[in-house]
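Generate coordinates for the entire structure from the input sequences, incorporating the hints supplied.
Number of protein chains: 2
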Amino acid sequence: MKFCIIGSRGHIGYVFQSIGKVPGITLDGISSGCEDDPAPLLRSSENAGFTPELYSDWRQMLNRLSPDLVAVDGPFEKHAEMAAYALERGIHVFCEKPIALTLPDLDRIMAARKRSGARIISMVGLRYQADFQYALQLVRSGAVGKVKMVRAQKSYRLGTRPEYYRRRETYGGTIPWVGSHAVDWIMAFAGSAFRQVYATQTAEDNFGYGDLEIACQCMFVMKNGVQGQASIDFLRPAAAPSHGDDRVRVAGTEGILEVIDGKVILIDKDGRRELPVPPPERELFSDFANSLTGKCRCAVTESETFELTRACLLARESADTGKVIEF
Amino acid sequence: MKFCIIGSRGHIGYVFQSIGKVPGITLDGISSGCEDDPAPLLRSSENAGFTPELYSDWRQMLNRLSPDLVAVDGPFEKHAEMAAYALERGIHVFCEKPIALTLPDLDRIMAARKRSGARIISMVGLRYQADFQYALQLVRSGAVGKVKMVRAQKSYRLGTRPEYYRRRETYGGTIPWVGSHAVDWIMAFAGSAFRQVYATQTAEDNFGYGDLEIACQCMFVMKNGVQGQASIDFLRPAAAPSHGDDRVRVAGTEGILEVIDGKVILIDKDGRRELPVPPPERELFSDFANSLTGKCRCAVTESETFELTRACLLARESADTGKVIEF
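These protein sequence lines are chains E and C, in that order.
First residue of the first sequence? That's -11 in the numbering used here, and the numbers climb one at a time after it.
First residue of the second sequence? That's -11 in the numbering used here, and the numbers climb one at a time after it.
Think of the hints as simulated: they come from the structure by calculation, not from any bench.
One or more hints might be untrue.
Computed spacing ranges between beta-carbons, pair by pair [as the list claims (entries may be wrong)]:
1) E:Lys257 <-> C:Pro150: 21 to 31 Å
2) C:Gly130 <-> E:Cys22: 40 to 50 Å
3) C:Glu269 <-> E:Glu269: 46 to 56 Å
4) C:Glu269 <-> E:Gly179: 47 to 57 Å
5) C:Glu151 <-> E:Glu269: 50 to 60 Å
6) E:Ser129 <-> C:Ala227: 11 to 21 Å
7) E:Glu157 <-> C:Gly147: 47 to 57 Å
8) E:Glu34 <-> C:His231: 54 to 64 Å
9) E:Pro266 <-> C:Arg31: 52 to 62 Å
10) C:Arg31 <-> E:Gly179: 48 to 58 Å
11) E:Glu242 <-> C:Lys283: 41 to 51 Å
12) C:Ala227 <-> E:Glu314: 30 to 40 Å
13) E:Glu34 <-> C:Arg183: 31 to 41 Å
14) C:Arg149 <-> E:Pro266: 32 to 42 Å
One side only, chain C facing chain E, incomplete, derived with CB under 8 Å [stated by the list, open to error]:
15) Met137
16) Arg139
17) Thr188
18) Ile202
19) Ser219
20) Pro229
21) Gly232
22) Ala239
23) Arg260
We treat Cβ as the ideally placed atom computed from N, Cα and C, and that holds for glycine.
Here it is in structure tokens:
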């Protein structure tokens, strides 16, 4: 399997975490996809045992090398252009989320996908994190009965971020960028597509970060009636014990399950207890790459990738316009 | 101070918790205010050292005894009628929340209050619970900087409830009944009145409880821009370690403070730590009763009582109609 990488602005680390578990893969070309220095990407590639060709022009790379698979992690506002370009050439795409910063860009990818035999998923790698993976397995096997509510939290340190986080056009907004994980968990734990969203956000008191929304909240109703809530912020203090405080709470007719501080806690007819989290057996990138050759199934699907991206963009639109939006 | 009680359907326990701290108070009359058996109320009164007269007609009781203060805890749908009747006679009112189940009923109380020298507050006693009281004190003294988000949770066991919980007309709905505490915390921690609300709710899978909403969620924006979120449910399993799982999370520009499992946890520039909660020095009923004679200030005010009731009723209206509502 011939493989290329464009860019390393986001979660390209997922690739290097599990590229060793993809039999026969070769990393043939890399490009930063923009003016970014490609040196860090080159180092990561070499550390993983590859010596890819370096391209300044990502289109040229795809056309010359004709890879089977490309990871897209360039400028956020170019995800859609890069993904559509690859799909149109029959190249599978492992794409940083959100895969598009606007609805027309999402439509562009979906149109390209329709004409292509290639597939695309987004890098919602937290689905594969041990605690969330296990929690989802429990909920799907009925641990809380019929799910009624899902509440998700993403709280990040702001830290120091590159210039492109300051402008909506190049950043996309905090609901799509940070919130996509929370929205993905709501979709996964509810086991349903979205029916409706209302959201609010604020860029006030954002420590001089331009358009960047410092705090957001979303409320969903799913097609199956489950109510979903997301709380998203960059207010986690620098001195906090970790970068992010990721949480999910799933309440159903027979129990309540939570992921908090890396722990999975269940309350059901047998009372409250912490369930030991088994080590994760699988990883996102290797699962996707191996699924392309029929070797396994991937926990993140194409239809979820499209549904999630649309949900994030509509939630942002709701917050921008103050309107309840039906899907 | 002459004192009477009407009913014991809700939190009349607050009265007996601290009536001993009100110098000179006498409990002169009680009435169940409806067909309820007054025996439990009579027993509580006797246990507290009082021998009140028992009335079947609460109006007659108020007119004959002319108390200074009455606690209203009769049928939920009669709070407003009873409170307005008392205020019109210059009797102060300690009223179960929500003080009204409809906006016209709230207006009726506010009109009676305008013509009266007497005051009314609602029994949002959780404000006085040690952990929340301390957390509020910390936030008001700047522990998290400028508050940006408040998230509150009320999760209760459903248990077995009287018939009047099954009908909207006699119950009022889960957002006002259970949610009022969460909405009160949002108001208190945000330090602001409400600007806007959107809410959802469901009565599906409610274990045969008629109209009773089993799960609800509310999203507020406050007048000062703070974003507030409430999650309210009756899904806490019977085998859970306590009746309720009350929580608040307050995120600000300089820290994040949480009340969870009775603990107060702060993350700020000095890292994450649990703060020991001092024992509560004051209680709601005695504070209110003593404030009437100028002996102290009460942490729950009249304007907050009205604002909170309106917020709960508008949140319910939003969930009923699917519309965003401006205050």
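task: Take a look at whether the Cβ-Cβ distance between C:Glu269 and E:Gly179 falls inside 47 to 57 Å.
output: holds, 48 Å
Subject >> Whether the CB-CB distance between E:Glu242 and C:Lys283 falls inside 41 to 51 Å >> reply: holds, 50 Å
| request: State, for the Cβ atoms of C:Glu269 and E:Glu269, whether the hinted interval 46 to 56 Å holds or is violated. | output: For E:Glu269 against C:Glu269, whose Cβ atoms are near 54 Å apart, the range 46 to 56 Å holds.
C:Ile202 was flagged as interface toward chain E. Is the shortest Cβ-Cβ separation under 8 Å? holds, 7 Å
Review point. Would the hint on C:Ser219 stand, with a C-beta cut-off of 8 Å toward chain E?
Key: Status holds, d = 6 Å.
Beta-carbon spacing of E:Glu157 to C:Gly147 - inside the hinted bounds 47 to 57 Å or not: Because 53 Å falls inside the window, the suggested range holds.
- Per-residue hint verdict: C:Arg139, partner chain E, C-beta under 8 Å: Hint holds; C:Arg139 Cβ to chain E Cβ min 6 Å, cut 8 Å.
Requested in this report: Determine whether the Cβ-Cβ distance between E:Glu34 and C:His231 falls within the hinted range of 54 to 64 Å.
Outcome: The hint (54 to 64 Å, Cβ to Cβ) holds, given that E:Glu34 and C:His231 are roughly 59 Å apart.
Check the following: the C-beta atoms of C:Ala227 and E:Glu314 are separated by a distance inside 30 to 40 Å.
Given about 39 Å between the Cβ atoms, the range holds.
Can the suggested window of 52 to 62 Å be confirmed for the beta-carbon pair E:Pro266 and C:Arg31?
Taking Cβ atoms as reference, E:Pro266 and C:Arg31 lie about 53 Å apart, which means the hint holds.
*Given a hinted range of 48 to 58 Å, is it respected by the beta-carbon distance of C:Arg31 and E:Gly179?*
holds, 49 Å
Take the C-beta atom of C:Glu151 and the C-beta atom of E:Glu269, compute their distance, and say whether it sits inside 50 to 60 Å.
-> holds, 51 Å
Of the numbered hints stated above, those contradicted by the structure are hints 13 and 21, listed in ascending order.
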